[in-house]
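Listed below are the residues making up each chain.
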Amino acid sequence: MAIQTLEPHLVESLQSSAREILETMVFMTPDNIEVVPEIESSFKSEVVGLLGFTGTRSGNFVVRTTEQLARTIAAKMLMMDPSELASFSEAADGFGELVNMLSGNFKNAWVANGNQMDLSVPNVIHNGEVRVNSEHEGSLRSCVRVTVEGQVLDVGIHFESKH
Amino acid sequence: MAKNVLIVDDSATMRKIIMRGIRQAGIENADFKEAGDGVEGMKAVEGEKFDLILSDVNMPNMNGLDFVKAVAAKLGTPPPIVMITTEGSEEVVKEAMSRGAKGYLKKPFTPEKIQEVIGPFLK
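For the protein sequence lines, the chains are S and F, in the order given.
Numbering of the first sequence is given in our numbering, commencing with residue 2 and proceeding in unit increments.
Numbering of the second sequence is given in our numbering, commencing with residue 45 and proceeding in unit increments.
So that you can see chain S by itself, here it is in the shape it has in the complex (with noise of 0.2 Å):
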């Protein structure tokens, strides 16, 4: 099956948001954020942060990273060291603000298309599986990838088939 993806607009917004959440909130300057080809609908990275939405479309967003970078997101949101974080749950906290800041802020350009969005509270996975679907006809894809301090984090969204 091709995969389809978000429209160009939309995409655009998910980097300019990106760049914006990081520098402002997490106070991290991204070397680099580019369009990439959103695969997989199935994950398996050290850390996974999913939230889902219902509306005008389904779907979810799907934020992966490596653990390492989840917690230096945490403890720069927090303006501490990530050997201060004194446990992952308070950097999956973290992570899963940088997820909800992510989708609201995509919801904001989708709305405004005249679309509806309803999300749900961000889940951050640690070391497991996550499958989301968005292998129908129909389906839509789109990630952006986000490298800073020589780590990746993917930002990807998975839109269910509208039947």
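No lab work stands behind these hints: they were computed from the structure.
Note that CB positions come from ideal geometry on N, CA and C, so glycine has one too.
Among the hints, a few may not be true.
[As the list claims (entries may be wrong)] Distance windows between CB atoms, simulated:
#, chain 1, residue 1, chain 2, residue 2, range
1, S, E35, F, G70, 33 to 43 Å
2, S, E24, F, E72, 19 to 29 Å
3, F, E156, S, S17, 16 to 26 Å
4, F, G120, S, P9, 48 to 58 Å
[What the hints assert, rightly or not] Restricting the straight-line Cα-Cα distance to at most 27 Å, the calculated cross-link-like pairs of lysine-lysine (DSS-like) are:
#, chain 1, residue 1, chain 2, residue 2
5, F, K138, F, K150
6, F, K87, F, K47
7, F, K157, S, K77
8, F, K60, F, K47
9, F, K150, S, K77
10, F, K47, F, K93
11, F, K77, S, K77
12, S, K77, F, K60
13, F, K157, F, K138
14, F, K157, F, K60
15, F, K93, F, K146
16, F, K157, F, K93
[Claimed, not checked] Partial pick of chain S residues on the chain F-facing surface, computed with a CB cut under 8 Å:
#, residue
17, T25
18, G95
19, E98
20, N101
21, N106
22, V112
Keeping the supplied structure of chain S fixed, place chain F upon it in accordance with the hints.
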């Protein structure tokens, strides 16, 4: 005199970021209390008087829009409530304002934006 500020957000990280942001904005006269969702927020406002409430929108148990409505129903004349949200869409803002919110701050935010939106309530 210190102002009593309630922060309602399900993310402990975000609550800390908001406190830090307010201090970075040069607002030094705030004492903070925290609640993890609208239900905890209601318990807080029933037991204590606040000068300002800052509330997330997207939370489990009781979301921010329902929390605003519940506070207004409970207190009659509630303290100002400012929504802190990623969802800056016109629809959500209108809904929050219609339920009694006095303003909103969109995430991500800067200290300058905090000063502009929250500062007037803490003078």
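Results of checking the hints against the structure:
Range check, S:E35 to F:G70: Cβ separation about 38 Å, and the 33 to 43 Å hint holds. In this structure the supplied range 19 to 29 Å holds for S:E24 paired with F:E72, their Cβ-Cβ distance being about 26 Å. Between F:E156 and S:S17 the beta carbons are some 19 Å apart, a value that agrees with the proposed interval 16 to 26 Å. A hinted range of 48 to 58 Å holds for the C-beta pair F:G120 and S:P9, which are about 50 Å apart.
For the proposed pair F:K138 and F:K150, the alpha carbon gap of about 14 Å is at most 27 Å, so the pair holds. A C-alpha spacing of about 19 Å is found between F:K87 and F:K47, which places the hinted pair at or below 27 Å, so the restraint holds. For the proposed pair F:K157 and S:K77, the alpha carbon gap of about 20 Å is at most 27 Å, so the pair holds. For the suggested pair F:K60 and F:K47, the alpha carbons sit about 17 Å apart, so the restraint of at most 27 Å is met.
Our distance criterion of 27 Å between C-alpha atoms is met by F:K150 and S:K77, whose separation comes to about 20 Å. Only pairs whose Cα atoms come within 27 Å are accepted, and F:K47 paired with F:K93 is accepted, the gap being roughly 10 Å. Only pairs whose Cα atoms come within 27 Å are accepted, and F:K77 paired with S:K77 is accepted, the gap being roughly 23 Å. Of the pairs offered as hints, the one joining S:K77 and F:K60 holds, with about 12 Å between alpha carbons and a cut-off of 27 Å not exceeded.
Distance hint between F:K157 and F:K138 is fulfilled; the C-alpha atoms sit about 20 Å from each other, no more than 27 Å. Between F:K157 and F:K60, the direct Cα distance comes to roughly 17 Å. Compliance with the 27 Å bound is thereby established for this hinted pair. This hinted pair checks out: F:K93 and F:K146 have alpha carbons roughly 17 Å apart, not beyond 27 Å. Under the criterion of a C-alpha separation no larger than 27 Å, the hint pairing F:K157 with F:K93 is consistent with the structure, at around 26 Å.
Because the beta carbon of S:T25 sits about 4 Å from the nearest beta carbon in chain F, less than 8 Å, this interface hint is met. Because the beta carbon of S:G95 sits about 4 Å from the nearest beta carbon in chain F, less than 8 Å, this interface hint is met. Here the hint on S:E98 is kept, as its CB sits about 5 Å from the closest CB of chain F, short of 8 Å. Taking 8 Å as the C-beta cut-off, the interface hint given for S:N101 holds, the closest approach to chain F being about 6 Å.
Given the 8 Å rule on beta carbons, the hint for S:N106 holds: about 6 Å separates it from the nearest Cβ of chain F. Annotation: S:V112 was flagged as interfacial toward chain F, and the flag holds, the nearest CB pair being 5 Å apart, inside 8 Å.
Hint violations for this structure: none, all hints satisfied.
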